[in-house]
Amino acid sequence: MIFKLDDTFDKPFIVSSETYTGFIKLFKDENPLHTDEKFAKTKGFKGRVMHGNILHGFISYFIGECLPVKNVIIHSQEIEFKNAVYLNDELQFKAVITGIYESVNTVEFKFYFKNAASNIVAKGKIQIGLLK
Amino acid sequence: MKIEDILKQVNEIFIDTLDNDQVIITETTTANDVEEWDSLTHIQLVVAIEKHFKIRFTSKEIQSWNNVGEMLTCIREKGV
Numbered sequence: 676m677i678f679k680l681d682d683t684f685d686k687p688f689i690v691s692s693e694t695y696t697g698f699i700k701l702f703k704d705e706n707p708l709h710t711d712e713k714f715a716k717t718k719g720f721k722g723r724v725m726h727g728n729i730l731h732g733f734i735s736y737f738i739g740e741c742l743p744v745k746n747v748i749i750h751s752q753e754i755e756f757k758n759a760v761y762l763n764d765e766l767q768f769k770a771v772i773t774g775i776y777e778s779v780n781t782v783e784f785k786f787y788f789k790n791a792a793s794n795i796v797a798k799g800k801i802q803i804g805l806l807k
Numbered sequence: 363m364k365i366e367d368i369l370k371q372v373n374e375i376f377i378d379t380l381d382n383d384q385v386i387i388t389e390t391t392t393a394n395d396v397e398e399w400d401s402l403t404h405i406q407l408v409v410a411i412e413k414h415f416k417i418r419f420t421s422k423e424i425q426s427w428n429n430v431g432e433m434l435t436c437i438r439e440k441g442v
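Residue numbers (the working numbering), protein chains in the order written: chain A, 676 to 807; chain B, 363 to 442.
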């Protein structure tokens, strides 16, 4: 097993304009919370709230591209959104291996995303399989 | 722990993992008897059982099981 318990991975992400507009173009979620600055402010936010599921895309990138092996598949991922993310926010992603199940080639991570103010904006768990 | 007590706990794990509170497993149950028990669910079941009983299986052990009863025996042999 290439992974060890408590192995830690860090990766910065930016919710860029390209990511934001690309997400809307692909998935058509134009809810005013995400697209209307005034609307979002009337709901108590600083501005347009970025789609939470953009973070799922970052997780996909992390698992698919940032691990030391490519023979991986995501079994499951759970995420809790704790604070709003805004356009151009710089996020720090951190994942720690919390479980290794060699019998079924499975690894579990706990992760969080923090914003520049060091507030956790999302956290959760990912389970991946290592393909033979 | 007695096999029947392990079976009860494993049955609860099956119910939770398969999201089906109608599932009743016995020592003779196999994956063919439970509709939701596919290859991915099998991984989730093994992970949940390892976590619950704080044990670890080997891939060889898993591959040797022909039914739930053989899995229960394997769990007990690990000191549960």
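If you are wondering where the hints come from, they were derived from the structure by calculation, not from laboratory data.
Source: prediction; values computed, not measured.
Careful: at least some of the hints might be erroneous.
[To be verified] Straight line, CA to CA, 27 angstroms or less: simulated BS3-like cross-link-like pairs of lysine-lysine:
1. A/Lys679 x B/Lys370
2. A/Lys679 x A/Lys769
3. B/Lys364 x A/Lys785
4. B/Lys413 x A/Lys798
5. B/Lys422 x A/Lys679
6. A/Lys679 x B/Lys440
7. A/Lys798 x A/Lys679
8. B/Lys413 x A/Lys800
9. B/Lys413 x A/Lys769
10. B/Lys364 x A/Lys807
11. A/Lys716 x A/Lys798
12. B/Lys370 x A/Lys807
For the pair we were handed, B/Lys413 and A/Lys798, check the Cα-Cα distance against 27 angstroms. Since the Cα atoms of B/Lys413 and A/Lys798 sit roughly 21 angstroms apart, the hinted pair holds (cutoff 27 angstroms).
Compare the distance between the alpha carbons of A/Lys798 and A/Lys679 with 27 angstroms, and conclude whether the hinted pair is satisfied. Between A/Lys798 and A/Lys679 the Cα gap is close to 21 angstroms, so the pair holds against 27 angstroms.
Between B/Lys364 and A/Lys807, is the straight-line Cα distance small enough, at 27 angstroms or below? Violated, at roughly 36 angstroms.
Between A/Lys716 and A/Lys798, is the straight-line Cα distance small enough, at 27 angstroms or below? holds (25 angstroms)
Would the pair B/Lys370 and A/Lys807 pass a check requiring their Cα atoms to be no farther apart than 27 angstroms? violated (33 angstroms)
Does A/Lys800 sit within 27 angstroms of B/Lys413, going by the straight-line distance between their CA atoms? holds (15 angstroms)
Given hint A/Lys769 paired with B/Lys413 - CA-CA distance at most 27 angstroms: holds (23 angstroms)
Between A/Lys679 and A/Lys769, is the straight-line Cα distance small enough, at 27 angstroms or below? holds (16 angstroms)
Restraint check for B/Lys422 with A/Lys679, where alpha carbons must lie at most 27 angstroms apart: holds (21 angstroms)
Keeping to a limit of 27 angstroms between CA atoms, is the pair of A/Lys679 and B/Lys370 held or broken? violated (32 angstroms)
Is the hinted pair B/Lys364 and A/Lys785 satisfied, with a Cα-Cα distance of at most 27 angstroms? violated (34 angstroms)
For A/Lys679 and B/Lys440, compute the direct alpha-carbon distance and say whether it is at most 27 angstroms. holds (23 angstroms)
Figure legend: structure checked against the earlier numbered hints; hints not met, in rising order: 1, 3, 10 and 12.
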